[in-house]
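A.B. asks: The chain contents come next:
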Amino acid sequence: MENKNNVQNINIIGAGLAGLSAAITLAEHNIPSNLFSLQPSERAQSVLAEGGINGALNTMGEEDAPQYHREDTLRAGVYLADEEAVRGLTEEAPQIIRDLERLGVAFNTQNNEILLRNFGGQKKKRTAYARSSTGKIIMTALIDEARRYEARGLITRYPHHELVSLLLAGESEKICCGVLMRNTYTTRLRGFAGPVILAIGGMNGVFPELTTGTTSNSGDALAQMFAQGVRLGNLEMIQYHPTTIGISGKRCLVTEAARGEGGRLYVMRNGERWYFMEEKYPELKNLMPRDVVSREMYFVRQDPACGDQVYLDLTGLAEEVWRKRLPDLRAELLHYLSLDPKTDPIPVEPGIHYFMGGIDVDREHRTNIAHLYAAGECCDQYHGANRLGGNSMLGAIYGGRVAARTVAASIPELAGDQLQELFCNADLHEEIRNQYAQEASPQIILEIRDILVPAMAIVRSEQSLKSAEEKLARLLEREGLHEREKHRIYLAQAMVASAMFRRESRGAHYREDYPQRDDQFCGLTQAELTQGTDIHMQITCRSGSRQIRETS
Amino acid sequence: MKLEIKICRRKSMFLQEYWQSILFETEEENATVAHALRQINQTKGIVDTDGKEVELPIRFDCSCLQKKCGACAMVINGRPRLACDAALKEFVKKGQVRLEPLRKFPVVADLIVDRSILFENLKIMQTWVSGSAKVPEKHSDEAYEASRCLQCGCCLEVCPNFYAGGSFFGTAAFVPTARLLSSLPVEEQQAIRAQYKAHVYAGCGKSLACRDVCPAGIDVDHLLSSSNGIAVWRHHG
Ligand SMILES: Cc1cc2nc3c(=O)[nH]c(=O)nc-3n(C[C@H](O)[C@H](O)[C@H](O)COP(=O)(O)OP(=O)(O)OC[C@H]3O[C@@H](n4cnc5c(N)ncnc54)[C@H](O)[C@@H]3O)c2cc1C
Ligand code: SF4
Ligand code: SF4
Ligand code: FES
Chain A
4 MENKNNVQNI NIIGAGLAGL SAAITLAEHN IPSNLFSLQP SERAQSVLAE GGINGALNTM
64 GEEDAPQYHR EDTLRAGVYL ADEEAVRGLT EEAPQIIRDL ERLGVAFNTQ NNEILLRNFG
124 GQKKKRTAYA RSSTGKIIMT ALIDEARRYE ARGLITRYPH HELVSLLLAG ESEKICCGVL
184 MRNTYTTRLR GFAGPVILAI GGMNGVFPEL TTGTTSNSGD ALAQMFAQGV RLGNLEMIQY
244 HPTTIGISGK RCLVTEAARG EGGRLYVMRN GERWYFMEEK YPELKNLMPR DVVSREMYFV
304 RQDPACGDQV YLDLTGLAEE VWRKRLPDLR AELLHYLSLD PKTDPIPVEP GIHYFMGGID
364 VDREHRTNIA HLYAAGECCD QYHGANRLGG NSMLGAIYGG RVAARTVAAS IPELAGDQLQ
424 ELFCNADLHE EIRNQYAQEA SPQIILEIRD ILVPAMAIVR SEQSLKSAEE KLARLLEREG
484 LHEREKHRIY LAQAMVASAM FRRESRGAHY REDYPQRDDQ FCGLTQAELT QGTDIHMQIT
544 CRSGSRQIRE TS
Chain B
644 MKLEIKICRR KSMFLQEYWQ SILFETEEEN ATVAHALRQI NQTKGIVDTD GKEVELPIRF
704 DCSCLQKKCG ACAMVINGRP RLACDAALKE FVKKGQVRLE PLRKFPVVAD LIVDRSILFE
764 NLKIMQTWVS GSAKVPEKHS DEAYEASRCL QCGCCLEVCP NFYAGGSFFG TAAFVPTARL
824 LSSLPVEEQQ AIRAQYKAHV YAGCGKSLAC RDVCPAGIDV DHLLSSSNGI AVWRHHG
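Each protein sequence line maps, in turn, to chains A and B.
For reference, each letter of the first sequence is one residue, going 4 to 555 in the working numbering.
For reference, each letter of the second sequence is one residue, going 644 to 880 in the working numbering.
Take the hints with a grain of salt, since some may be wrong.
[Claimed, not checked] Quick list of in silico lysine-lysine cross-link-like pairs, PhoX-like style, CA-CA up to 25 angstroms: (1) Lys327(A) with Lys840(B); (2) Lys474(A) with Lys687(B); (3) Lys777(B) with Lys327(A); (4) Lys327(A) with Lys474(A); (5) Lys736(B) with Lys645(B); (6) Lys777(B) with Lys736(B); (7) Lys777(B) with Lys128(A); (8) Lys645(B) with Lys747(B); (9) Lys840(B) with Lys747(B); (10) Lys649(B) with Lys777(B); (11) Lys474(A) with Lys489(A); (12) Lys687(B) with Lys645(B); (13) Lys288(A) with Lys128(A); (14) Lys732(B) with Lys489(A); (15) Lys645(B) with Lys777(B).
Worth flagging that the hints you see were computed from the coordinates, not collected in a lab.
The task is simple: from the sequences and hints, build the whole structure.
C.D. replies: This is the structure we're talking about:
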């Protein structure tokens, strides 16, 4: 183990959009940071984002304004998202896109003005895009911007570093005084003092091979945070994207922009194409929010008069669209399916795409532990029961900014190197002894996944959730599990408990036994693990912080 | 589908490398090399063709599994490629596929190499924006194309003139630079033009071997001529 040092730096874990945005914002405040990630930023899930980023730029003559963006976001999230937080997000959105433009992001433009496209759940054109690789193009610009500060010593990149554990002090009120990281090249462990911003992305690895995301967002870090007492929230809200295709080892996204540009969903019914979304939702049609579209796809496939396969019909898209706005998508479909979307309908299926839940944060992106913050897809802010396409890149960039501003404002209150002192007192050797070089075994990871899949599906019920609850409890009894494996089981239990608790249907959470919305549940679920002799899970509702149920 | 996967292994940078062959079978028609490696890593007790138990995991980098992140670059049957883009069916006829780490970078373990030189070189190139780099519409295609580089390093693997630590930085440094040459206002280009001439233009033999292996299909040819135009001949079309 190396020396304890670097107390002056803020520790950011994760170098996707949220982590980069936090590091850049701190650097703008002249505050140095350590930017840790399992792999360099170029490999983060953020580079996969395709369709675009939302902001009421109002360049399309539709009289758009942040207020409408806010309303659409809250409505799509079925009023679970914090209205004030969403206000901040949507008001800063146009400036964020302008800042990206200044950094050289090659957005599609016309007459030097940024073009916007339609995206699901939004009544106006509000999504800025760089063809169909928006995430990659934005990441390239932000990585270069971070490099500028790196050259000035304000950002220190630590790629190939894995989060091992938080260093916590304090008894009843915990304080985060640093973080223990493992260099995956040398396997050495090293402690870093100072406040911590978590930007670890979504928990895709809870569902290996079944999501549109990356393998490096393994879910381990979130499970570890939960085990260390970090409160999670909104865990039952998992977004199934309506249009994905199966490729080797994962689900591959067919961007919502395909429908934004005119793509239509149909199923065969009595020998004819039935464009069910257009019939059922005459206003937004194929561009209803993702939860609605995925659920409708589930229902039509249950209908005995309909075929089992839903198709995405892109044959009506203009040549110009393929050339200028969705070139990468066509190449991808040709490559993976040997289908040309110009002439062939594309067989699609809903797939797990985004986690609205995660680390529970307040409007300033503080967690329940002092000096620990979270931003980006790993936290539960902004999206409520369902995220709008184009809002997550925005949420990650904005959230990173807000977390960094909160840290910057808190620096004066870090009186007399308090954290450094706590860090020096923390028993690193004990921490390290508790660490296990083992990774969770792939078999256990898959077992947990297979228990969760039927329970956390598009359509849920008490019965399927109960069955998962029992299986997880049994799995936890198995002999020879090591800590990392147990932590993953706790996280899975918290997801199931959150879904059981919400006895209503709202957004991405649909219960066939409680198909209606019930506003006594109009708040985020929260899950916390308090370790004593017993493991305790509390599910509470954020609004009014009623403690509604406890499970052991 | 059944084939032999022959892997160049090395437990750490301090130990000798050795080859290990594993017979791999899959029903999945579109399975890739990345998929095979992941499957093997999930198979407790798997043995090699000599009947010896394979020490797991076989370490390799991967992330997106859809050829968009550059993590899984390795040498596959002698050619630098992305493991998630190399379909096993390509190799079935031969009955074998050979996997080695990229050779231009220090090996960390098995198929993982340390590519930090890529990022160090970009720091020297000063690929960043100091003022404003709003992309002029007429250069939008170049800026977009040049933003797509994965930093995978495949181009450097085949480049006769690149070696880690040398003064010629190759295509992986050139492409990100081209993004800035196409967007920065002329008066802000001085520093980057000088670096470009020193670390790209001066050492490149223009054989374009790099273009042919680029897994992102970046139009290196076109970017080179437009960047040379801007940085060397000062054309601002
Ligand atoms: C295919 C696809 C398409 C998408 N399209 C869009 C779109 O069009 N518009 C939109 O708004 N959103 C889109 N999204 C969602 C959006 O891309 C993500 O929500 C967002 O980019 C998340 O950014 P992030 O910074 O929070 O996390 P990520 O980019 O996932 O970064 C996570 C970081 O944490 C690091 N990390 C993880 N675990 C550890 C650990 N244990 N130790 C150390 N580091 C760790 C990783 O290495 C990585 O650097 C899409 C997502 C996908 C998968
Ligand atoms: S053109 Fe030839 S010398 Fe120049 S970067 Fe490419 S491979 Fe190297
Ligand atoms: S230019 Fe192509 S081959 Fe070279 S690093 Fe970039 S993506 Fe990889
Ligand atoms: S895993 Fe991302 S390119 Fe292969």
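A.B. asks: Run every hint past the structure and note whether it holds.
C.D. replies: Hint-by-hint comparison with the structure:
1. Lys327(A) with Lys840(B): violated, 32 angstroms
2. Lys474(A) with Lys687(B): holds, 23 angstroms
3. Lys777(B) with Lys327(A): Since the Cα atoms of Lys777(B) and Lys327(A) sit roughly 19 angstroms apart, the hinted pair holds (cutoff 25 angstroms).
4. Lys327(A) with Lys474(A): Roughly 50 angstroms between the alpha carbons, so the hint for Lys327(A) and Lys474(A) is violated.
5. Lys736(B) with Lys645(B): Distance of about 10 angstroms is within 25 angstroms: holds.
6. Lys777(B) with Lys736(B): It is violated: about 50 angstroms lies between the C-alpha atoms, which goes past 25 angstroms.
7. Lys777(B) with Lys128(A): holds, 22 angstroms
8. Lys645(B) with Lys747(B): violated, 31 angstroms
9. Lys840(B) with Lys747(B): holds, 23 angstroms
10. Lys649(B) with Lys777(B): violated, 48 angstroms
11. Lys474(A) with Lys489(A): holds, 14 angstroms
12. Lys687(B) with Lys645(B): Judged against 25 angstroms, a Cα distance of about 19 angstroms means the pair holds.
13. Lys288(A) with Lys128(A): holds, 15 angstroms
14. Lys732(B) with Lys489(A): violated, 39 angstroms
15. Lys645(B) with Lys777(B): Cα-Cα ~52 angstroms, so violated.
When the structure is compared with the earlier hints, violations turn up for hints 1, 4, 6, 8, 10, 14, 15 and for no others.
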